[in-house]
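Undergrad: Spelled out, the chains give:
Protein chains: 2
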Amino acid sequence: MFDNSLAQQYRLEEAARQPPIRFTFFWPAVDRWEGRDFDQRGGHRMTGRNLDLDAALARQLRADSIRCSTAAGSGHPTSSLSAADLLAVLLAGHLRYDWAKPKDLANDHLIFSKGHASPLNYALFRAAGAITDDELMTFRKLGSRLEGHPTPVLPWIDVATGSLGQGLPIAVGVALAGKRVLAAPYHVWTLTGDSELAEGSIWEGLDHAGHERLSNFTAIFDVNRLGQRGPTELEWDLDAYAARVKAFGCDPIVIDGHDLAAIDEAFARARNGERPTVIVAKTVKGRGVSFLEDEEGWHGKALDGQQAKQALAELGEVPSRTFQTLKPDPWQAPKRPVPRKPEWKTYSEPLATRKAYGEALAALGAARSDVVVLDAEVSNSTHAEDFKQTAADRFFEMYIAEQQMVAAAVGMQVVGLVPFASTFAAFMTRAFDFVRMAAISRASIRLCGSHAGVSIGEDGPSQMALEDLAMMRAVHGSTVLYPCDANQTARLVGLMVEREGISYLRTTREKTPILYTDRLDEFRVGGSRIVRGGQLGDAVAVITAGITVHEAIKAVDQLKATIKVRVIDAYSVKPIDAVALVEAVRATGGRLCVVEDHWAEGGLGDAVLAALAETGVAGEIVGFRHLAVRAMPGSGKPAELLEAAGISAKHIADAVKELAGCGRRR
Amino acid sequence: MFDNSLAQQYRLEEAARQPPIRFTFFWPAVDRWEGRDFDQRGGHRMTGRNLDLDAALARQLRADSIRCSTAAGSGHPTSSLSAADLLAVLLAGHLRYDWAKPKDLANDHLIFSKGHASPLNYALFRAAGAITDDELMTFRKLGSRLEGHPTPVLPWIDVATGSLGQGLPIAVGVALAGKRVLAAPYHVWTLTGDSELAEGSIWEGLDHAGHERLSNFTAIFDVNRLGQRGPTELEWDLDAYAARVKAFGCDPIVIDGHDLAAIDEAFARARNGERPTVIVAKTVKGRGVSFLEDEEGWHGKALDGQQAKQALAELGEVPSRTFQTLKPDPWQAPKRPVPRKPEWKTYSEPLATRKAYGEALAALGAARSDVVVLDAEVSNSTHAEDFKQTAADRFFEMYIAEQQMVAAAVGMQVVGLVPFASTFAAFMTRAFDFVRMAAISRASIRLCGSHAGVSIGEDGPSQMALEDLAMMRAVHGSTVLYPCDANQTARLVGLMVEREGISYLRTTREKTPILYTDRLDEFRVGGSRIVRGGQLGDAVAVITAGITVHEAIKAVDQLKATIKVRVIDAYSVKPIDAVALVEAVRATGGRLCVVEDHWAEGGLGDAVLAALAETGVAGEIVGFRHLAVRAMPGSGKPAELLEAAGISAKHIADAVKELAGCGRRR
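As they're listed, the protein sequences go chains A and B. Following my numbering, the residues of the first sequence are numbered contiguously, the last one being 748. Following my numbering, the residues of the second sequence are numbered contiguously, the last one being 748.
Bound conformation, chain A alone:
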């Protein structure tokens, strides 16, 4: 099976005799051994476990992976078979998990980064007694908890996977929380396919695991050589994988992934390591079934009935039973201080909402011990760094790795923490796939994107978020908030703490005047505020949020009461305050102007129209102007760029004048 082990062994022995030759790469730091060789060299196995049970379990996992996918008529049996031995040994001898208490903080975590190996994941749950064989056979059917790829509708699944390259970085987050916040005894295991090792996010994850020396983290690389459409880039070049792992600060352990003793040793060693470990396992796709082994063309294909019968016959005697799992050692999570009501600052002088965000985090840090803050190396710009003033030990520097930042936030909320993660709103786009998946994970995370819109000024379009509202609105169940002053920002951060799902706060680079000094409790998710006008006789309603609220107010001032204008601060972009919008339509006779520092597509303008259409009052619109960014901006002063984009006070005043003159068409 392991055809390059001898050559490698030779190289290591040679290396021991010779001075190192420059320009030739060999990697003495990589600890390579297989259980059998180890025994032959007179070593002793660390665990001393009898592995007959593991072998039986592996046969059951294989059989069940085939059975459930054949019953479904689709799925990934061959990707399951390659990892069956690895997972059998993990379940039988190493995973510490109380299946009756999936929320027990002492439990190990097992995340299938290769989510398509869901047949194996579910077969494992069945072997653990968590689900019945009957339920196993509902795989991929409408209404089943056993979806094509794992999701947390099953209580033993931490997070949804299936977008490759995400499970490992999320597992890093779970390990980070266990080590740095909870001091919990759990170990985090993640099973990773070799195809997904081409994703940069994997290396962001290992980089962080190494940097943080996460000894409670183990990734298992299931190197079965075959991707969806053919060989992987590195095929069975285990040396290359090991060198990468090592270079990224983790300890590679290279094994034959079908040698139960080697697997057993590797897991024992991984659990007791002082650094994060990666088990680089050479495996065979379809292992155990002659006509599937290392064959192309079988990815993501279920066997038909006849093929399944033949495969099961080849597997020999297959048990159909529950296997014992080690329970975690009894552990009591240290008592946390009772959360206090955060002492929000109140502001009277102009302040950037990004700064207010930082100060709100600081207030939260003092009040609650479950809040954690992550930032992608721009915490002095997003002002997330202020959190360090009250809770430095719960601040996580994620460096410039936005995908890993969001993944870590998702991982941390798995174990009950309340994460806030921030970067420039423009760079939040880097993590869109992770945010999308976080929604499928039913995760509760709070994101903050700073430096929104053209109003950032000189830095130019690469730093301007002009699509973040569209992106975040299109996340299932999301909450999208966009404050215009510092007091409001603090209050919205307070609402985000309690909010389930994905919530997003959009902040501004520039200082903005203080609008709200009265009753700060008047903000709510789904709310809005009327900041000018508000009478039935208003001629036009300007609906806006964030920086352009102040432009709208300036426009009203410029108009000098020649036209009565209602200015609505729609700080809750999603859910939007449909009632206030309907009232605005009714009050103004249907004359609306939406203003936003965002592309015209997918942002506040679309949200307003959708709400009016949904509530059945779109037909009452008589005049509609949408001021948004429509041409590619360049550099300039903030005011110049607001002007150039057509979203400044002057443009708003012009639009209002035009709207006020609109007659009813019919």
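Just to be clear, a hint being listed does not mean it is correct.
Since the list gives no way to pick out one identical chain from another, each pair is judged satisfied if it fits inside one copy or across any two copies.
As the list claims (entries may be wrong) - Taking lysine-lysine pairs in the DSSO-like style, the calculated list, with each CA pair at most 27 Å apart, reads:
(1) Lys-223 <-> Lys-646
(2) Lys-417 <-> Lys-183
(3) Lys-719 <-> Lys-223
(4) Lys-636 <-> Lys-739
(5) Lys-261 <-> Lys-417
FYI, nobody ran anything at the bench for these hints, they're computed from the structure.
Based on these hints, arrange chain B on the given structure of chain A.
TA: Positioned in the frame of chain A, the structure of chain B alone reads:
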């Protein structure tokens, strides 16, 4: 300056005497030397160049970086100073570039992946004589071509940078095109900051450079130790960087980035290497100005007038002149065959639009030699693999690295190729930041996302794109197309070839019936087709695209002419056919039903409402129903999931009945 070189030297010498110690990592494969040491050891320098000019140029680059940022009052002088020596030697002795002919295919390419070092980039253009000193001093001002971060409004800039971690992967694309398609003589140089090395996309890029053995590619790591808010993760651990580079298949060359001779040697060696090279340069942020050198707190800050004066005084005698650049050797691009009209297949039997996409690519491959196709390891699902039948040498397997895929496409269009890049539409979200930046790069790339919506069936929500229309609509200048049959797909692919900017095609997993057999030339960007009804007496208009067009037709059939329905195939989601929408409103008295296999936010529904509002006819809407996906889907059969999501024929028929009963409200 280079305080660990002795220790390193010692380690290498030690290593040469000792047998390798297992478990300790040293990297004899990394070729480390500095020019001076090299000379002392009796070696000869490869280039024999006198470096006095380079030193003078470096001083000018430093002075100009300071001058222009001080004049602007913002910018990144210290990040420019760390790389000034590297870029001076590159410009004076290695870059082959005809500044008068920036489109010359023989020119080298220089991409500042650390786009914030734009002062250095522009100072270099000034030194090359491409821009005047007067223009240099317009840096960051409104209307200037010299934006805060580089964009291709300057003809010598290939692509916009400023979102870190993107320039390098794009440079890989330029190199790939040069080596594998054009056989061009150019070398691609990219300057990378050390902070951005935390981005996974960097490692996707180096992985591909290594895998493709891009000997025409050189990355320069400007390791100045300091990021925006403090030390980088690895600071000056050059060994760690070199090990990573090596492990990812590129050749590291470790140097002191302020030793001109070492730099000169390294560039000569990089150009003549047989593999991609990475120059790992130890540098000092703010180098050359005593009060800036290796100091925190100076990132992204311009010097004030007084500070600038002091800094310039420290730099000593600074030239203010144009420096000669090597021109590329005369080279004639091989003549390409004249493009032919592609022979699109025509279809009469049901076929998935994704399959039609693949076959359209195959037709393009035969007809045009400038079309290239990239796919992220799912080409047997997206059917991009069909392109190999006619142009295998222009198919690029990017493995599961969507960011690198889009980056490579952007790089390839820099040198005139016409790239199509595909993956599952859900995974296109992985590359959103790259697509966003591609728009700022004024790039013309064509993306195809397959497996859109719940209609994919059993694989579950992780594989279902339900936000891709929102994402792609919110890209500046984008074109968003969503065909419903195979003939239409072929025609839209044909339109994409000619289309500037970012265009996106959304395809479907399932086979769909053929609707269009008549005049295939009737499709256009910004168009739509009426597939049922079309008379003035239509009671209701159903506006839809893609898979749900067929559901709408089934709904019409179910209604058995009890209600006259107009079904509009809005295959051009952006730009949308506003004229057809207005006609539909007028014809039906304002009764509209929009149906889409997408979340309710940001997709076709929002696009329709925005167009109606923009054209001033929103007020004529009497009834509006928006059937879209609103609850998290699970697994199931495609038809079951369309039904469960409320977007099936039955739901459409119900909505039509309800709408037909709507009276005018006013």
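Undergrad: If a hint holds in the structure, say so; if it doesn't, say that too.
TA: A quick look at each hint next to the structure:
1. In this homomeric assembly, Lys-223 and Lys-646 never come within 27 Å of each other (Cα to Cα): the closest approach is 58 Å inside a single copy and 37 Å across copies.
2. In this assembly of identical chains, Lys-417 and Lys-183 lie within 27 Å of each other by CA distance solely inside one copy; the values are 19 Å within and 69 Å between copies.
3. In this assembly of identical chains, the alpha carbons of Lys-719 and Lys-223 lie at most 27 Å apart only when taken from different copies (7 Å versus 57 Å within one copy).
4. For the identical chains of this complex, Lys-636 and Lys-739 are intra-copy neighbours only, at 14 Å inside a copy versus 47 Å across copies, given an alpha-carbon limit of 27 Å.
5. Proximity of Lys-261 to Lys-417 under the C-alpha cut-off of 27 Å is restricted to the intra-copy arrangement: shortest distance 16 Å within a copy versus 62 Å between copies.
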